[in-house]
Amino acid sequence: MRKFARTHWKILIAILLAIALATLTLETDSAVRASGPASGPELSVRLRAHVGALASHEHDSAAPQALEQAARHIETTLAGYGYGLHRQEYEAGGQNVRNIEVAIANTAPGARPERIFIVGARYDAAPGAQVGKRSDADRGSGTAAVLELARLLKTMRPSRGTEVRFVFFVNAAPPTPPANATGEQIGGMPYASTGNFIAFAGTLESSARVRQALAAFQARPDFPTEGLAAPAHAMGVTWSDHASYKRHGYPALMITDTAFLRYPYYHTLDDTAQLRDYAGMARVLEGLARTIDALAGAART
285 MRKFARTHWK
295 ILIAILLAIA
305 LATLTLETDS
315 AVRASGPASG
325 PELSVRLRAH
335 VGALASHEHD
345 SAAPQALEQA
355 ARHIETTLAG
365 YGYGLHRQEY
375 EAGGQNVRNI
385 EVAIANTAPG
395 ARPERIFIVG
405 ARYDAAPGAQ
415 VGKRSDADRG
425 SGTAAVLELA
435 RLLKTMRPSR
445 GTEVRFVFFV
455 NAAPPTPPAN
465 ATGEQIGGMP
475 YASTGNFIAF
485 AGTLESSARV
495 RQALAAFQAR
505 PDFPTEGLAA
515 PAHAMGVTWS
525 DHASYKRHGY
535 PALMITDTAF
545 LRYPYYHTLD
555 DTAQLRDYAG
565 MARVLEGLAR
575 TIDALAGAAR
585 T
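Note that the numbering used here has the sequence shown beginning at 285, numbered continuously upward.
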């Protein structure tokens, strides 16, 4: 259990929140190949710094100054990577808040992408975080993971007509669709979380995406993985943000460590940034970068 505690973290990358309740075990498709970028030895250090900056204070619409500080950390980091920022601004709880996104696209000038892959995380902390009720270091680690994926994948070139979008969602609870319903053709959306293996899971409708993502991740088998697809009514399969995408008909899968099913400190004051296994997070991120490369049909530039 101590090892599980040190490996708890969470990122949203396609659709998600994993429950080890499979009704259909999937084998990988050997035709899928992935060649991912090297992350460099500093990745775990960078992850630790992001989590420290994001998970030390309550930051939600009830604590607008801290929420703004978290948003500025994200925006400053992404701008430093060379991205142009797009903000989805709206009002919540009497405060102006925003989703933040950046993208890498291979489209003709003025053309809309034919398919979109969303890689996302929630950057707000739940009410009460770090002030006597519970900790939300999981969201800090999720945001850190997506920030570093955006850095690792900055030089990718998706297949023609494809866009890879990194999105940082605000106001995660109560659950709301973490993207606008614009009719865009979203090709997939991933997610990750804790334990000694990573699970790739989705509903039966997303079984092909699960196979493809699992195969890409296992192209270099340096982290234990499992894959499954289950009906939407199976317990836990729709317990997280991917359910919003599922309701709108988008294919989605979750990449998860099964969170509270194996991690007793989930959303408690004992869930602190010090419990993160940053070296393990870095290993998983390297695999996820290869996975996104493969799903988006990317080439290196």
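Simulated from the structure, these hints should not be mistaken for laboratory data.
Be careful, since some hints might not be right.
[As the list claims (entries may be wrong)] Here are the simulated SDA-like cross-link-like pairs (lysine to any residue), alpha carbons at most 25 Å apart as the crow flies: (1) K438 x A516; (2) K438 x E385; (3) K438 x A395.
We went through each hint and held it up to the structure:
{"no.": "1", "hint": "K438 x A516", "in the structure": "violated (34 Å)"}
{"no.": "2", "hint": "K438 x E385", "in the structure": "holds (14 Å)"}
{"no.": "3", "hint": "K438 x A395", "in the structure": "holds (21 Å)"}
Hint compliance for this structure: hint 1 alone is broken.
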